[in-house]
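Let the sequences and hints guide you as you build the complete structure.
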Amino acid sequence: GVGTKAVNALSSYFVVRAYRDGKYAEAIFSRGDLLSQKKGKAPNEPDGTYFEFLPDTEIFDEYDFNYEFVERRMWNYACLNSGLKLLFNKQKFESKHGLLDLLKTEAGEDGLYGPVYNKGQYLEFAFTHVQSYGEAYRSFVNGQYTSDGGTHQSAFREGVFKGVNEFYKKNFNAIDVRDGAFGAVAVKVKDPVFESQTKNKLGNTDVRGWIVNETREAIVDFLHKNREAADKLELRIVHNEKLRKELNAVKKEAKEAARRIEI
19 GVGTKAVNAL SSYFVVRAYR DGKYAEAIFS RGDLLSQKKG KAPNEPDGTY FEFLPDTEIF
79 DEYDFNYEFV ERRMWNYACL NSGLKLLFNK QKFESKHGLL DLLKTEAGED GLYGPVYNKG
139 QYLEFAFTHV QSYGEAYRSF VNGQYTSDGG THQSAFREGV FKGVNEFYKK NFNAIDVRDG
199 AFGAVAVKVK DPVFESQTKN KLGNTDVRGW IVNETREAIV DFLHKNREAA DKLELRIVHN
259 EKLRKELNAV KKEAKEAARR IEI
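If you use the numbering used here, the sequence shown corresponds to residues 19 to 281, in order.
These are computed hints drawn from the structure, not numbers from a lab.
The C-beta atom is built at its ideal place from N, Cα and C for all residues, glycine as well.
There could be a bad hint or two in this list.
Simulated restraints on C-beta separations [said to hold, decoys possible]:
#: 1; residue 1: E235; residue 2: A36; range: 36 to 42 Å
#: 2; residue 1: W228; residue 2: A275; range: 20 to 26 Å
#: 3; residue 1: Y186; residue 2: A276; range: 20 to 26 Å
#: 4; residue 1: N160; residue 2: E44; range: 35 to 41 Å
#: 5; residue 1: E246; residue 2: N99; range: 29 to 35 Å
#: 6; residue 1: G21; residue 2: H257; range: 42 to 48 Å
#: 7; residue 1: N244; residue 2: A36; range: 42 to 48 Å
#: 8; residue 1: L72; residue 2: L105; range: 16 to 22 Å
#: 9; residue 1: G132; residue 2: N266; range: 30 to 36 Å
#: 10; residue 1: T216; residue 2: L72; range: 23 to 29 Å
#: 11; residue 1: E246; residue 2: K56; range: 58 to 64 Å
Right under this line is the structure:
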């Protein structure tokens, strides 16, 4: 891809080695120019691809790797491709349960109920509520982390909200449903349109309908099958509603008091 080509062009030393069916092919580059290549047998090596590179010091006078950032990305990729083994400086990253593992790692012991998990052909998500307030999401498009969300994340949030109201046969406020929400969502889109070159935010409007519907159906199905989780979620929503109304009353009272002082 473009990223690999860019790293190759900006490296004084770049090697890629592919292992398949007991054989390997290797190519070594410098600043994008091919120096050598060879093929051979590797009967004891598992299938996979190996990369090694050194940034060009003529371009990067002083450089330092953000290992925490790289490791976080490696873990994301592992969770997006369950069963795939990734090695970074001999540290292994592997996920057996996809986004469910990502959610459990991020949420820790804060989850109020066992996560809702759905994995379809084009949509995978894991979702729960945590003890803290606000809402947080980790969203991906075709393996790309979308830090600014986008239409897929908005559609997912809408699907959760609609599923909750449908199950409880209530008209809860969206703020009360979403406060404390924590989710991870990944979609596969044929022709993704991003709102910037950094691909941080998806802009496709055509994904909304099917993401909302699949999410809504999965939420309703989970709550029907998990009564304890449904009870805990309802208690959290009612608590959020009560707290919101109390805060609004305090704000209203303070505003009226300020107006009386002005008079």
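Results of checking the hints against the structure:
1. E235 to A36: 36 to 42 Å: holds, 41 Å
2. W228 to A275: 20 to 26 Å: violated, 50 Å
3. Y186 to A276: 20 to 26 Å: Given range 20 to 26 Å: violated, Cβ gap about 38 Å.
4. N160 to E44: 35 to 41 Å: violated, 28 Å
5. E246 to N99: 29 to 35 Å: Between E246 and N99, where Cβ atoms are some 32 Å apart, the hint holds.
6. G21 to H257: 42 to 48 Å: Hint holds: Cβ distance 45 Å, inside 42 to 48 Å.
7. N244 to A36: 42 to 48 Å: holds, 44 Å
8. L72 to L105: 16 to 22 Å: holds, 18 Å
9. G132 to N266: 30 to 36 Å: Given range 30 to 36 Å: holds, Cβ gap about 32 Å.
10. T216 to L72: 23 to 29 Å: Distance hint for T216, L72 holds at roughly 25 Å.
11. E246 to K56: 58 to 64 Å: The hinted range 58 to 64 Å holds for E246 and K56, with Cβ atoms some 60 Å apart.
Comparing the model with each numbered hint stated earlier shows that hints 2, 3 and 4 do not hold.
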